[in-house]
Amino acid sequence: MPLLLFPISPPCVPPPRPRLRRLSPPPPMAAVAPPSLSTPVTILPSVSVALPPLPPPATDDFHWLDLFAFLNSPADSYQIPVEEQEVEVEREIEVERERERERARKAEHRRLRQRQVKAETEAWARAADEYRELEREMLDRRLAPALPYVKSLFLGWFEPLRDAIARDQEVQRRKRVKHVYAKYLLLLPADKVAVIVMHKMMGLLMSSKDGVASVRVVQAAHCIGEAVEREFKVQTFFQKTRKKSAGENDKALEKEQAKCRKRVKSLVRRRKLTEAQKIVQQEIELEEWGTEAQVKLGTRLIELLLDSAFVQSPADQTPESSPDIRPAFKHVLRQPIVENGRLKKKHWVIECDPLVHEGFESTARHVEIPYLPMLVTPKKWKGYDTGGYLFLPSYIMRTHGVKDQKEAIKSVPRKQLRKVFEALDTLGSTKWRVNRRVHNAVETIWSRGGGIAGLVDKGNIPLPEQPETEDPDEIKKWKWSLKKAKKANRELHAERCDTELKLSVARKTREEDGFYYPHNLDFRGRAYPMHAHLSHLGSDLCRGVLEYAEGRPLGKSGLRWLKIHLANKYGGGIEKLSHEDKVAFVENQLPDIFDSATNPVDGNCWWMNAEDPFQCLAACMDLSDALKSSSPQCAVSHLPIHQDGSCNGLQHYAALGRDYMGAAAVNLVPGDKPADIYSEIAARVLDVVREDSMEDPATNPTASLARVLVDQVDRKLVKQTVMTSVYGVTYIGARQQITKRLQEKGLITDDKLLYEVSCYATRVTLDALGQMFQSARGIMAWLGDCAKMIASENHPVKWTSPVGLPVVQPYKKYKNYMIRTSLQCLALRREGDAIALQRQKAAFPPNFVHSLDSSHMMMTAIACKKAGLHFAAVHDSFWVHACDVDKMNQILREQFVELYSMPILENLLKEFQTSFPTLEFPPCPSQGDFDVREVLASTYFFN
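Note that the UniProt record's numbering gives residue 766 to position 766 of the sequence shown, counting from 1, and the numbers run on in steps of one.
Everything labelled a hint here was simulated from the structure, so no lab data went into it.
Computed from a predicted structure; not experimentally measured.
Heads up, some of the hints might be wrong.
[To be verified] Computed beta-carbon distance windows for the label pairs:
hint	residue 1	residue 2	range
1	Ile-325	Lys-486	20 to 30 Å
2	Leu-837	Gln-335	25 to 35 Å
3	Arg-326	Pro-697	43 to 53 Å
4	Gly-868	Pro-327	35 to 45 Å
5	Leu-828	Val-171	25 to 35 Å
[Said to hold, decoys possible] With a straight-line cut-off of 30 Å between C-alpha atoms, the simulated DSBU-like cross-links for lysine-lysine are:
hint	residue 1	residue 2
6	Lys-183	Lys-118
7	Lys-403	Lys-380
8	Lys-910	Lys-813
From the three backbone atoms N, C-alpha and C, an ideal C-beta is built for every residue, glycine too.
Generate the whole structure from the sequences, applying the supplied hints.
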């Protein structure tokens with residue numbers, strides 16, 4: 001019969017057994033007298049008393065028998081089972097491995113960051129060091145090193161230009177009354193300034209679109225002056241932020257800087273942002289130089305370049321003749337010319353010698369390109385000039401010197417711009433890399449002369465020979481055809497230079513594991529990469545050469561979207577089919593796709609027939625890899641898949657006006673296959689042209705024009721005009737677009753007839769658009785009327801986009817003023833006070849729609865980031881991995897519905913009425929019965 005000596009209570013529950021590989025023996029147990037009890041001990045019969053149940057153990061693996069076994073076991077006999085030991089050891093090893101990986105990641109990030117800092121702060125210094133080293137090599141070996149042609153030119157110019165700048169700096173230091181440019185000229189070493197001038201001048205001449213290898217003096221001077229200012233700011237900021245070595249002076253400086261930082265933080269907390277900004281600017285010495293100072297400095301440096309840079313013709317002269325040494329650049333006055341229907345006034349240009357011009361196409365790889373893609377994630381945007389590159393000057397908006405827009409973006413609270421900052425950070429955090437296989441194909445084709453797959457031909461068009469006849473009409477035709485051929489060759493030359501610049505960046509970044517594109521905005525809110533040459537915003541060549549650095553398994557849906565993407569990039573009408581038909585088309589072309597992937601240049605070259613050949617080739621390679629793997633759905637894909645809006649501007653107008661007819665035409669309404677607005681407009685135009693062609697030319701003057709046009713009307717003829725109509729394309733702009741399409745067809749050779757037919761086709765196309773999108777026309781008219789009223793008060797039109805971005809139209813009347821420089825008098829433009837009323841009115845409808853499509857993009861970017869997607873965008877084209885397309889499609893539709901759940905036009909009217917209470921604005925246009933939520937079920941809204 002058991003005795004109950006102590007009452008049972010919860011504190012008596014034994015503690016859980018610690019999980020140790022080896023448990024220490026328990027301490028020796030001392031005899032303890034039982035506590036005295038106030039009540040006598042009684043013996044209770046076990047039958048009559050039911051003991052309360054023991055409380056459950058504190059852990060699932062505790063057992064009473066374990067405790068008794070432990071208490072009665074020797075010190076070295078009780079151990080955790082071997083299996084548990086192994087699991088514990090493996091866990092510790094994995095934790096240590098993860099720590100090691102994290103340390104390696106941090107070390108790699110530090111290494112890349114150091115490289116990025118050097119790339120931003122030491123580019124010009126490295127170039128100057130290189131030229132100095134080459135000079136020493138020449139002196140030591142007493143012969144010229146084997147260098148590429150253009151680099152040898154740079155080397156020949158470097159020493160005399162550096163010495164000329166150094167002499168001018170010394171003269172300016174000694175002068176009591178200095179030139180205006182003097183204080184800026186003295187800020188950088190002469191060798192660094194010389195490198196900036198050479199590379200900037202060659203870059204400007206290379207990017208000249210007329211192909212004549214000339215650049216306006218005022219443009220070149222401003223660009224060079226701005227580059228010198230930027231380099232000075234970078235070096236100053238870098239020096240200020242560099243850690244100082246220990247020392248008394250350094251400690252005092254650090255103490256002073258700490259005080260300054262403390263004061264700035266205090267001002268920011270008290271919302272005295274203007275005062276804080278002034279202190280920071282004074283501390284970092286980043287005050288703006290101004291256009292006039294930049295131009296005066298740039299002009300002086302150009303003058304020194306003209307006096308220092310020379311070229312020598314090839315060694316085909318006789319030994320007796322003197323060497324033909326002539327200036328590399330000339331200061332030339334261009335006479336007035338008519339170009340694209342506009343009179344260009346006479347102006348001064350810097351023109352390079354033909355010997356320099358010949359080397360342009362191989363120059364790009366030797367020219368320093370600023371604002372290259374970043375090796376580390378860009379700085380997060382936190383203000384107007386805080387974000388993007390680590391040290392290079394970065395601004396969130398490209399204001400082009402417009403004060404109103406700059407002040408507007410600086411004046412709004414940072415909280416209001418939170419979505420804008422977050423969206424730009426999302427775009428900038430997407431990691432890219434060069435698609436090496438596509439790049440190899442591009443380089444092979446380019447080395448063989450180009451001219452296929454959309455690459456420009458390296459050869460020129462042969463010039464027509466002068467006829468032997470004296471017939472003035474024949475001579476006139478020959479001169480005209482000669483002029484056209486020379487112009488075409490200049491354009492080809494400009495295209496070749498542009499291609500070389502793109503390929504130069506691809507070569508520089510090819511071996512990197514990944515890189516990033518910092519983004520900023522135009523004044524409407526549209527996002528652009530800050531790097532200018534090789535980015536996903538560029539041509540088919542750029543997009544084909546780039547891919548995501550991080551790959552993701554395709555999955556079942558991803559494999560399907562990869563096939564759809566390939567069909568879209570092939571084009572030729574395939575992009576207008578349903579998704580199922582696109583998949584079927586790709587599956588029928590698999591032999592050609594495999595051949596394109598394995599032998600892109602010397603095979604059947606099926607991919608070269610695509611509308612976007614290099615993007616098609618990239619998709620062929622990705623799909624081929626997947627289908628040849630043991631598990632296609634598990635294949636890792638790096639290819640971004642595009643989802644494009646269907647004539648996105650009209651989609652926004654249809655949603656604004658709740659216009660059902662317009663919504664159905666641009667795929668806001670669900671359908672079995674995509675609606676094609678371009679084909680529909682082309683069909684309407686063709687009906688009108690056919691009717692006119694049956695008329696009598698004697699009574700209807702357009703009949704003869706219609707007969708010439710009737711066989712040339714197709715989707716491509718009207719596509720660009722339809723696309724840009726909602727963005728305010730003018731009649732002249734539309735006519736030029738249609739003229740270019742007719743020239744491509746090549747069926748009209750007479751220029752006068754081509755002009756007349758283009759005018760006729762433009763009128764018919766714009767009339768068809770007006771009939772089909774009456775609601776959009778009504779909204780555009782209302783926006784134009786509001787803008788006219790505001791501009792009549794001499795105020796720019798300004799509004800706030802749905803994501804909080806303040807937008808100010810920058811159209812004012814400019815005043816010209818003259819400044820005297822050491823080279824010539826230059827005419828500069830200064831922003832005036834008077835508003836350009838007509839431009840404010842005409843530009844407001846397209847700018848407003850651009851602010852809406854940019855808002856939709858930013859909202860989608862933020863939502864995709866939260867969903868874990870890698871997002872990129874080109875305005876109304878959204879990109880993600882193939883496996884994430886379905887998720888992104890759901891997100892972008894939800895964000896579109898959220899955007900148009902806001903009363904956008906009503907909010908705009910309220911904003912106008914608040915800003916201009918004395919004006920009576922017309923009421924908002926009436927809306928239709930379209931339910932914007934139908935977009936959620938529309939397969940082809942974005943596709």
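Structure-based check of all given hints:
1. Ile-325 <-> Lys-486: 20 to 30 Å: Holds: the Cβ-Cβ distance is about 28 Å, inside 20 to 30 Å.
2. Leu-837 <-> Gln-335: 25 to 35 Å: holds, 33 Å
3. Arg-326 <-> Pro-697: 43 to 53 Å: With a Cβ separation near 59 Å, Arg-326 and Pro-697 fall outside 43 to 53 Å, so the hint is violated.
4. Gly-868 <-> Pro-327: 35 to 45 Å: Because 59 Å falls outside the window, the suggested range is violated.
5. Leu-828 <-> Val-171: 25 to 35 Å: holds, 26 Å
6. Lys-183 <-> Lys-118: holds, 26 Å
7. Lys-403 <-> Lys-380: Roughly 24 Å separates the two Cα atoms, so the pair holds.
8. Lys-910 <-> Lys-813: holds, 28 Å
Checked against the numbered hints given earlier, this structure breaks hints 3, 4; the rest are met.
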